[in-house]
Amino acid sequence: MSREFHPLVKQLLDGERTLYSLPPELQAEAQEAVRLLGAMDRRDVTFSSGLEARVMQEVRQHSTARRVRANTDPVLWRWLTAPSVPPWVVGAVSAASVIALILVRPGPTNDPEAIAQATAVAPESVFVKFILFAPAAKQVTLAGTFNRWEPGTTPLVRVSDEGVWTVTLGLPVGQHQYAFVVDGQRWVVDPAAPTVDDGFGRKNSVVSVSLEQGRVM
Amino acid sequence: MLLAPHLAGQGRADARLAGRVPASLAAAVTALLDSAALRGLPGAPLVDKTLEGVAKGAPTDRILVAVRTVFHQLDAVATVLAETGNTGADAVEAGSFAMSAGLATSDIGEIARTADRAHPAATALLVAGTLAALGVPRAETVALVRATIRSGRPVGDLVSLPGQVQAAMAGGSPPAAAAAGLARAAEAHLAPGPRGKGRGQGNPHKP
Numbered sequence: 001m002s003r004e005f006h007p008l009v010k011q012l013l014d015g016e017r018t019l020y021s022l023p024p025e026l027q028a029e030a031q032e033a034v035r036l037l038g039a040m041d042r043r044d045v046t047f048s049s050g051l052e053a054r055v056m057q058e059v060r061q062h063s064t065a066r067r068v069r070a071n072t073d074p075v076l077w078r079w080l081t082a083p084s085v086p087p088w089v090v091g092a093v094s095a096a097s098v099i100a101l102i103l104v105r106p107g108p109t110n111d112p113e114a115i116a117q118a119t120a121v122a123p124e125s126v127f128v129k130f131i132l133f134a135p136a137a138k139q140v141t142l143a144g145t146f147n148r149w150e151p152g153t154t155p156l157v158r159v160s161d162e163g164v165w166t167v168t169l170g171l172p173v174g175q176h177q178y179a180f181v182v183d184g185q186r187w188v189v190d191p192a193a194p195t196v197d198d199g200f201g202r203k204n205s206v207v208s209v210s211l212e213q214g215r216v217m
Numbered sequence: 001m002l003l004a005p006h007l008a009g010q011g012r013a014d015a016r017l018a019g020r021v022p023a024s025l026a027a028a029v030t031a032l033l034d035s036a037a038l039r040g041l042p043g044a045p046l047v048d049k050t051l052e053g054v055a056k057g058a059p060t061d062r063i064l065v066a067v068r069t070v071f072h073q074l075d076a077v078a079t080v081l082a083e084t085g086n087t088g089a090d091a092v093e094a095g096s097f098a099m100s101a102g103l104a105t106s107d108i109g110e111i112a113r114t115a116d117r118a119h120p121a122a123t124a125l126l127v128a129g130t131l132a133a134l135g136v137p138r139a140e141t142v143a144l145v146r147a148t149i150r151s152g153r154p155v156g157d158l159v160s161l162p163g164q165v166q167a168a169m170a171g172g173s174p175p176a177a178a179a180a181g182l183a184r185a186a187e188a189h190l191a192p193g194p195r196g197k198g199r200g201q202g203n204p205h206k207p
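Heads up: the protein sequence lines correspond to chains A and B, in order.
For the record, in the first sequence the residue sitting at position 140 is 140 according to this note's numbering, with numbers rising by one throughout.
For the record, in the second sequence the residue sitting at position 93 is 93 according to this note's numbering, with numbers rising by one throughout.
Take the hints with a grain of salt, since some may be wrong.
[Claimed, not checked] Straight-line distance between alpha carbons at most 20 Å, and here's what the computed SDA-like set of lysine to any residue pairs gives:
1) Lys138/A / Val159/A
2) Lys203/A / Arg62/B
3) Lys203/A / Arg186/A
4) Lys203/A / Pro175/B
5) Lys203/A / Pro191/A
6) Lys203/A / Asp61/B
7) Lys203/A / Gly184/A
8) Lys129/A / Ser24/B
9) Lys203/A / Pro59/B
10) Lys203/A / Pro120/B
11) Lys203/A / Gly135/B
12) Lys129/A / Thr153/A
13) Lys203/A / Val65/B
14) Lys203/A / Thr60/B
15) Lys203/A / His189/B
16) Lys129/A / Val159/A
17) Lys129/A / Pro59/B
If you're looking for bench data, these hints aren't it; they were derived computationally from the structure.
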């Protein structure tokens, strides 16, 4: 089943305009389109079998996390950290989302800063991209079972003026619970992810990683 | 002196508490870790919950309550899984997660009994826990996981269930209805056998 959206809504989906620039009568249609796109973006992403080798070659040749922050030209890292959905999608759909990128066995590299955290992950890992829309935040970090709940060890990088923060981690198989920490104080769940009670009167977000086809549930 | 593997693991867990946890809490959690080791339970979830509580600034007594809850979940899951022949730590941890998401031990047992070589209990319980965490009620969660396994579909199909439920939810379907629809589709996948049995019952991967 397919559906034809209004041309202005298509421009929105193409990233050519923002949700809030649309006339009121198109807001509902636009939000539905964004919601559908958000659902699609949560599905697994599969790549050709030769991608792993190309990715690791690029990692060795190019990027470092610091260069990314300096906004030089780390092609691979920018690809890894760039939001998979335009900022307006993230903002319109929810505050955050988790997206499976690719199953990779982290290979040897001479550049330990090339992939944040990835060099410390288990041999069979899935890279997961965490996204938070927090326009007013000065700092966003990620705390969870994968980093011993230390809020200071996994910062997100602000990747847009609109306030989209992201980080990509290699997570081993299993279920992981986490929360975003905004400005060092506010614990924020991922509204796009499943949640469980944390035992302390709050909720934890959950990401479950399976080795089968490198899936994130 | 050689340590049994699970005791060696507990030693690492203790090291993780050092410097981050008040001494009184560390002592109480270490006692729980010792009990867990004696029962063959994984200690990592206890350490994780302790560190989480400290990071979130929870009071010590509340942290201890939360850690004890995890301990009892692990113990209950290990007991019910042992009855089904599943003793792996990964299955126990996955079952504990499923319980924290809202499943009961009876649900854990039912799913574990349905699991087979091609659909390991740990994976099935991870999927079930994730479905429950998405808001799928217990009955629908168990029915969906069981139907998918019994249909003989590849394990990738099982793992994709939470994503499929989320996609349906994004389209406006309630979690229960989304799961029920997928379960019906899985049941429809069962081809009638010579005696009218479903293909899943004749799963060649079943040990």
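Hints, verified against the model:
Annotation: proposed proximity of Lys138/A to Val159/A holds, straight-line Cα distance about 13 Å (limit 20 Å). Using a Cα cut-off of 20 Å, the hinted pair Lys203/A and Arg62/B holds, with the two alpha carbons roughly 15 Å apart. For the hint pairing Lys203/A with Arg186/A, the CA-to-CA distance comes to about 13 Å; that is within 20 Å, so the pair holds. The suggested pairing of Lys203/A with Pro175/B holds, with an alpha-carbon distance near 19 Å, which does not exceed 20 Å.
For the given pair, Lys203/A sits about 10 Å from Pro191/A by alpha-carbon distance, which is consistent with the 20 Å threshold. Simply put, Lys203/A and Asp61/B have alpha-carbon atoms about 19 Å apart, close enough for the 20 Å limit, and the pair holds. Among the hinted pairs, Lys203/A with Gly184/A is consistent with the structure: their alpha-carbon atoms are about 17 Å apart, no more than 20 Å. Among the hinted pairs, Lys129/A with Ser24/B is inconsistent with the structure: their alpha-carbon atoms are about 37 Å apart, more than 20 Å.
Restraint check: the Cα-Cα separation between Lys203/A and Pro59/B comes to about 17 Å, which is no more than 20 Å; the hinted pair holds. Under the criterion of a C-alpha separation no larger than 20 Å, the hint pairing Lys203/A with Pro120/B is inconsistent with the structure, at around 28 Å. Simply put, Lys203/A and Gly135/B have alpha-carbon atoms about 13 Å apart, close enough for the 20 Å limit, and the pair holds. A threshold of 20 Å between alpha carbons decides the hint, and for Lys129/A with Thr153/A the separation of about 16 Å falls inside it, so the pair holds.
A C-alpha spacing of about 16 Å is found between Lys203/A and Val65/B, which places the hinted pair at or below 20 Å, so the restraint holds. As the CA atoms of Lys203/A and Thr60/B are separated by approximately 19 Å, the hinted pair is consistent with the 20 Å bound. Restraint check for Lys203/A and His189/B: not satisfied, since their Cα atoms lie roughly 36 Å apart, outside the 20 Å limit. Taking the CA atoms of Lys129/A and Val159/A, the gap is about 13 Å. The hint holds against a cut of 20 Å.
A threshold of 20 Å between alpha carbons decides the hint, and for Lys129/A with Pro59/B the separation of about 32 Å lies outside it, so the pair is violated.
In terms of the numbered hints stated before, the structure departs from hints 8, 10, 15, 17, listed from lowest to highest.
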